[in-house]
Amino acid sequence: MLTQNIIPLFVIIPLFSAFFISFIGRFVKKTFINAFCCFSTAALLFFSAFSISALKASATSVLVYTIGGWKPPYGICLVLDGLSVLMLVTVNLVAFLVCVYSVSYMEKYTDRTKFFTLFFLMLCGMNGLVVTGDLFNLFVFLEIASISSYALVAFGTEAEELEASFKYAIMGSVASSFIFIGIAFLYGFTSTLNMADMARVISEKPQMWLVPFVSVLFLMGFGLKAALVPFHAWLPDAHSSAPASISAMLSGVLIKTLGIYAMIRIFFNIFGITQALQSALMFLGALSMLVAVILALSQWDLKRLLAYHSISQVGYVVLGLGLGTPLGILGGLFHLFNHSVFKSLLFLNSGAIDYAVGTRDLKEMSGLRKKMPVTAATNFIASMSIAGIPPFNGFFSKLLIIFACIEKGYIGYALAAVAASILTLASFMKVQKFAFLGELKEKYAEVKEAPLAMQFSMVCLALVCIFGGLLLLPIFKPFLTSAADVLLAGRGYAGGVFKAVLR
Amino acid sequence: MIDSPDKGMSLIVKTVTRLTVGLILLFGIYIVLHGHLSPGGGFAGGVIIALSFVHLMLAFGKDVAVSKISKNFASNLESLSALMFLAIALLGFFGGSFFLNILGKGVPFKLFSAGTIPLSNVAISLKVGVGLFAIFLALVVLEGAEKEK
Amino acid sequence: MTLYLLCLILFCIGLYGVLRKRNIVKIIIGLGIIEYAMNLFFVLLGYRYHGRAPIYAQNQQILDMVDPLPQALVLTSIVIGLGVTALVISMAIRIYEKYGTFDITKIKRLKG
Chain A
39 MLTQNIIPLF VIIPLFSAFF ISFIGRFVKK TFINAFCCFS TAALLFFSAF
89 SISALKASAT SVLVYTIGGW KPPYGICLVL DGLSVLMLVT VNLVAFLVCV
139 YSVSYMEKYT DRTKFFTLFF LMLCGMNGLV VTGDLFNLFV FLEIASISSY
189 ALVAFGTEAE ELEASFKYAI MGSVASSFIF IGIAFLYGFT STLNMADMAR
239 VISEKPQMWL VPFVSVLFLM GFGLKAALVP FHAWLPDAHS SAPASISAML
289 SGVLIKTLGI YAMIRIFFNI FGITQALQSA LMFLGALSML VAVILALSQW
339 DLKRLLAYHS ISQVGYVVLG LGLGTPLGIL GGLFHLFNHS VFKSLLFLNS
389 GAIDYAVGTR DLKEMSGLRK KMPVTAATNF IASMSIAGIP PFNGFFSKLL
439 IIFACIEKGY IGYALAAVAA SILTLASFMK VQKFAFLGEL KEKYAEVKEA
489 PLAMQFSMVC LALVCIFGGL LLLPIFKPFL TSAADVLLAG RGYAGGVFKA
539 VLR
Chain B
10 MIDSPDKGMS LIVKTVTRLT VGLILLFGIY IVLHGHLSPG GGFAGGVIIA
60 LSFVHLMLAF GKDVAVSKIS KNFASNLESL SALMFLAIAL LGFFGGSFFL
110 NILGKGVPFK LFSAGTIPLS NVAISLKVGV GLFAIFLALV VLEGAEKEK
Chain C
-5 MTLYLLCLIL FCIGLYGVLR KRNIVKIIIG LGIIEYAMNL FFVLLGYRYH
45 GRAPIYAQNQ QILDMVDPLP QALVLTSIVI GLGVTALVIS MAIRIYEKYG
95 TFDITKIKRL KG
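Listed in order, the protein sequences are those of chains A, B and C. The numbering used here applies: residue 39 is where the first sequence begins, and numbers increase by one. The numbering used here applies: residue 10 is where the second sequence begins, and numbers increase by one. The numbering used here applies: residue -5 is where the third sequence begins, and numbers increase by one.
Read the hints as simulated data drawn from the structure, not as lab findings. Given the structure is predicted, the values throughout are model-derived calculations rather than measurements. Hints should not be assumed to be uniformly reliable.
The list that follows gives simulated cross-link-like pairs (lysine-lysine, DSS-like), each with its CA atoms no further than 30 angstroms apart [what the hints assert, rightly or not]:
| no. | chain 1 | residue 1 | chain 2 | residue 2 |
| --- | --- | --- | --- | --- |
| 1 | A | K446 | C | K105 |
| 2 | C | K15 | A | K152 |
| 3 | A | K152 | B | K71 |
| 4 | A | K401 | C | K100 |
| 5 | C | K20 | B | K71 |
| 6 | A | K205 | C | K102 |
| 7 | C | K105 | A | K468 |
| 8 | A | K67 | B | K16 |
| 9 | C | K92 | B | K80 |
| 10 | B | K16 | B | K71 |
| 11 | C | K105 | A | K205 |
| 12 | A | K205 | C | K20 |
| 13 | A | K468 | A | K146 |
| 14 | A | K152 | A | K109 |
| 15 | C | K20 | A | K401 |
| 16 | A | K537 | A | K243 |
| 17 | C | K102 | A | K401 |
| 18 | A | K205 | C | K92 |
| 19 | C | K100 | A | K205 |
| 20 | C | K92 | B | K71 |
| 21 | B | K80 | B | K16 |
| 22 | C | K100 | B | K16 |
| 23 | A | K146 | C | K105 |
| 24 | C | K92 | A | K401 |
| 25 | B | K80 | A | K146 |
| 26 | B | K80 | A | K68 |
| 27 | A | K109 | B | K16 |
| 28 | C | K92 | A | K146 |
| 29 | C | K102 | A | K468 |
| 30 | A | K146 | C | K15 |
| 31 | A | K408 | A | K468 |
| 32 | A | K152 | B | K119 |
| 33 | C | K15 | C | K102 |
| 34 | C | K102 | A | K152 |
| 35 | B | K80 | A | K152 |
| 36 | A | K481 | C | K105 |
| 37 | C | K15 | A | K479 |
| 38 | A | K471 | C | K105 |
| 39 | B | K80 | A | K67 |
All chains should be built: construct the whole structure from the sequences, respecting the hints.
Following this line, the structure appears as structure tokens:
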């Protein structure tokens, strides 16, 4: 049994689960739906962990699966290399824990069946986007994930959620249309849609204005999906109005795969990174870091504060990736993984507080540490991680990015990163003080700890936060460096894919 | 145009609709089944099939159309057709890779040729048709609920 | 060449609609115009001189065909546009029920 036959499973399992739950949801009991969803996401997590070892055991470092037997460039192919494996593990780990969390959190909302259908469709879109090797297939999966997320943000159908979702839907559709026009220009020039073939054609045919023009279109389109600063206006509304488990998925993995992964896959592997693109990415990253963290200082709504910090940390990732040096890319990718983990944990904590207390306003809560010890402990760990305090995982990735900036001589960007980190620490000190420390108000005397499923997810993510720094040890480091090598090889990606197809 | 969505439109419209609704449905099925020979295929045929039911709803009122395809039936049929499409794609695993065309290809330009493509067309047309009608039904039911308040 | 430029001008008209109109339904119509312009641009990319429709027929010699791949991709894109439009319109109906107006300058409860 060839190991590359597992690659389509990442798309088949969520797609089957989505429509199966939509069909039988009315006929079976609630516990069956819960068990089936958790089993499905656990299977995905198992396969993504298996793909790490499958990739290491293969001769070339790239696994290619041709759909329908049609060889590329005639057919669509699915490509598994180091970067895809990193994104798959991130996405499926967060998806499994959020699914377990949603089992109890969705008691507050109606219609669990539709929620899980949309959730699995979003997961199918994200998984498909990460494994595909064809540019239009990437666009189709991007749209599947985006449309599901528009519907999920509006899930509670209160007035504010609908307003936030409408804004998100219109801005997201305009961004998708920019991406589509970019793909149209590229197809008209290279007459192929396969990413490896396109890289080969672009490096051979001379072109003057096409690649810079299409790069600007993609920066606008994917930049809006990733919430970089001129394009960030939808994120605070959308991520604070969604249900907490969906906020965790959106902020933790959706903006990373739809925005950052697609952007760096195209910029590094198809176009070949140039100095102008690197400067643009670094500038946008630094701008996101500073502007978002300053805007977050004045927020009193807990989830809105977390959403602004998402924008800021994505700025760190883009700054690290824009540097282009091995240390910078390693730092950027490690921070991407870390941010998925601790930002999901922070949103799950806010959901637990909302479930127990019923409010998101920081001025209303206080002293919850006595009544909700697990939530308070995991929140403390996540706050220390995002602020970059040793020995948690956020410290190591931020240190790598700052070192990479200094190594290349950009002292200004390094100082900006340090300043943003200090302001992040200030923000989370505020969260800790107002939400957990202090005296318990009388109206919260009967507040109980969150249910067991929610506690399980939060504790698992907290454990990954504590031990995440160990990923830099030489035993585990190939997990990150193989992803960084794919980006550093640039157009060598095309050669790897063609060699793997021919065998 | 529509004074009350429950009673439908005038007698002339109802008489003409009785004649044309079947023809539109048949035309949609023709476009779906000949998807591998002439332009059209699953999506276009599915839209035409949905339009025949919408035509019925516009002319006769909400209740007649809902009695033909109720909301539960639409939801079930939609999920079933998506699962059918996935099952056809998974059949390819027997041949070697995902989505492979494994049934016999037959003689070109005949109706029963081109392997699994006509089956995929049927599954897509069911999903699109029923999905569009369900969207229309949801919007009309919402509108009706709003007017009652 | 002028055809491509006209498609991009149509795209800009749709973009103007999304950016400057105040009624929600007009914004959705602007989004629809953007999608029409995109699909038209992509199909026009496939045109070849003296090409005919890319359909095989029995007992006929076909020499030049236009490119069939953009046509398949545009079909997918039209379906995606349909999905987004349906979702956004049902959200607009619900917003009217909750806020009582279609004016986007008055739908501003989320601030800061």
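Here is how each hint holds up against the structure:
no.	hint	in the structure
1	A:K446 <-> C:K105	violated, 40 angstroms
2	C:K15 <-> A:K152	violated, 33 angstroms
3	A:K152 <-> B:K71	holds, 25 angstroms
4	A:K401 <-> C:K100	holds, 27 angstroms
5	C:K20 <-> B:K71	holds, 28 angstroms
6	A:K205 <-> C:K102	holds, 11 angstroms
7	C:K105 <-> A:K468	holds, 21 angstroms
8	A:K67 <-> B:K16	violated, 39 angstroms
9	C:K92 <-> B:K80	holds, 25 angstroms
10	B:K16 <-> B:K71	holds, 8 angstroms
11	C:K105 <-> A:K205	holds, 13 angstroms
12	A:K205 <-> C:K20	holds, 14 angstroms
13	A:K468 <-> A:K146	holds, 28 angstroms
14	A:K152 <-> A:K109	violated, 38 angstroms
15	C:K20 <-> A:K401	violated, 39 angstroms
16	A:K537 <-> A:K243	holds, 21 angstroms
17	C:K102 <-> A:K401	holds, 22 angstroms
18	A:K205 <-> C:K92	holds, 16 angstroms
19	C:K100 <-> A:K205	holds, 14 angstroms
20	C:K92 <-> B:K71	holds, 25 angstroms
21	B:K80 <-> B:K16	holds, 19 angstroms
22	C:K100 <-> B:K16	violated, 36 angstroms
23	A:K146 <-> C:K105	holds, 25 angstroms
24	C:K92 <-> A:K401	holds, 27 angstroms
25	B:K80 <-> A:K146	holds, 25 angstroms
26	B:K80 <-> A:K68	holds, 22 angstroms
27	A:K109 <-> B:K16	violated, 57 angstroms
28	C:K92 <-> A:K146	holds, 21 angstroms
29	C:K102 <-> A:K468	holds, 27 angstroms
30	A:K146 <-> C:K15	violated, 37 angstroms
31	A:K408 <-> A:K468	holds, 18 angstroms
32	A:K152 <-> B:K119	violated, 42 angstroms
33	C:K15 <-> C:K102	holds, 16 angstroms
34	C:K102 <-> A:K152	holds, 28 angstroms
35	B:K80 <-> A:K152	holds, 15 angstroms
36	A:K481 <-> C:K105	holds, 28 angstroms
37	C:K15 <-> A:K479	violated, 47 angstroms
38	A:K471 <-> C:K105	holds, 24 angstroms
39	B:K80 <-> A:K67	holds, 21 angstroms
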